[in-house]
Amino acid sequence: MSRFPSLSAALSRRRLLQFASAAATAGAGLPAFAALKEPPGTTKVLKVGVTTGPHEQTFEVAKRVAERDYGLKIQIVPFTDYSRPNAALDAGDLDANSFQHRPFLAAQVRSRGYRIVGFGRTWIGPIAIYSRKFKSFKDLPEGASIAIPNDPSNESRVLLLLQKAGAIKLKSGIDPIAGINATPRDITENPRKFRFVEIEAAQLPRTLDDTDASAVNADYANKAGLNPARDGILVEDKEGPYACLIAVREQDKEQPWVQQLVKAYQTDEVRDFIVKTFAGGVLPAF
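All letters in the sequence shown, in the order written, are residues -34 to -1, 1 to 252 by mature numbering (1 follows the signal peptide of the UniProt record, and there is no 0).
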């Protein structure tokens, strides 16, 4: 008898090994395949970009609601400025963000071509002008220096506030909703000869010792211990287009998790947290 196995036996063993290998590979792939077939929102980890302060604080509450009620897994990604969250969302590094109002989003889409859309409203925080040197707006002297945000929508927001107060007059045609914003170059009348210093929004609270007044957004004011109702010398109306919102990429706007995320935020739990935590400096917008 030959010391070597027959050709047919060797082939049979080879086929058996190939089958076993294929079965093992298929078995290893089953869990991943099964995960893909699970209901939308139950396994995907949604990365939501927020600016630190009220946006991050309120989304921590919404995160718990989203997981409990909808099975959404959320990773909150904090930012310290307004310049990066939309770039990260547009690039696909985030699934959603929550830090901006509609005029800010419109300006960014208009200038940078982002394919981002806004959904449910979150909160509104009146922008206000603060001063450590003067107790009222009418006390600001001629030629006073006022620090204002250097991003187009919030800069325009402050100038419109000053126009409404009768301090300046702007050229016609300003439309924040359409992304047509005002800059100091659009001032046609400035009887008190105010001087405007454009500063990155996150740095504005730090300018209060160096300027006569500074216009500060609600989230940065909150982090600096400022409250518009208590400390502002000129405060924006609570009505208007400046409620903050949740934004996603256009390609995701029909995904079920988008509406679930909005619903998780727009709950009594989040509303009560806003009312109790921010003492009127930030108000629910839903």
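These aren't lab readings, by the way, just hints derived from the structure by calculation.
In this text, all values refer to a predicted model and were calculated from it rather than measured experimentally.
Just to be clear, a hint being listed does not mean it is correct.
Said to hold, decoys possible - Simulated crosslink set (DSBU-like; lysine-lysine; CA at most 35 Å straight-line):
1) Lys242 / Lys29
2) Lys29 / Lys189
3) Lys99 / Lys39
4) Lys39 / Lys130
5) Lys229 / Lys10
6) Lys13 / Lys242
Claimed, not checked - Label-pair ranges, simulated between beta-carbon atoms:
7) Arg172 / Glu26: 33 to 41 Å
8) Gly132 / Arg30: 40 to 48 Å
9) Ser49 / Arg151: 15 to 23 Å
10) Glu166 / Ile146: 18 to 26 Å
Cβ coordinates follow ideal geometry from the N, Cα and C atoms, glycine included.
Cross-check of the supplied hints:
1. Lys242 / Lys29: Distance of about 18 Å is within 35 Å: holds.
2. Lys29 / Lys189: holds (21 Å)
3. Lys99 / Lys39: violated (47 Å)
4. Lys39 / Lys130: violated (44 Å)
5. Lys229 / Lys10: Holds: Lys229 and Lys10 sit about 18 Å apart, inside 35 Å.
6. Lys13 / Lys242: Distance ~27 Å between Lys13 and Lys242 Cα, so the pair holds.
7. Arg172 / Glu26: 33 to 41 Å: violated (26 Å)
8. Gly132 / Arg30: 40 to 48 Å: Holds, since Gly132 and Arg30 (Cβ atoms, about 46 Å apart) stay within the stated range.
9. Ser49 / Arg151: 15 to 23 Å: 22 Å Cβ-Cβ, so the 15 to 23 Å window holds.
10. Glu166 / Ile146: 18 to 26 Å: holds (22 Å)
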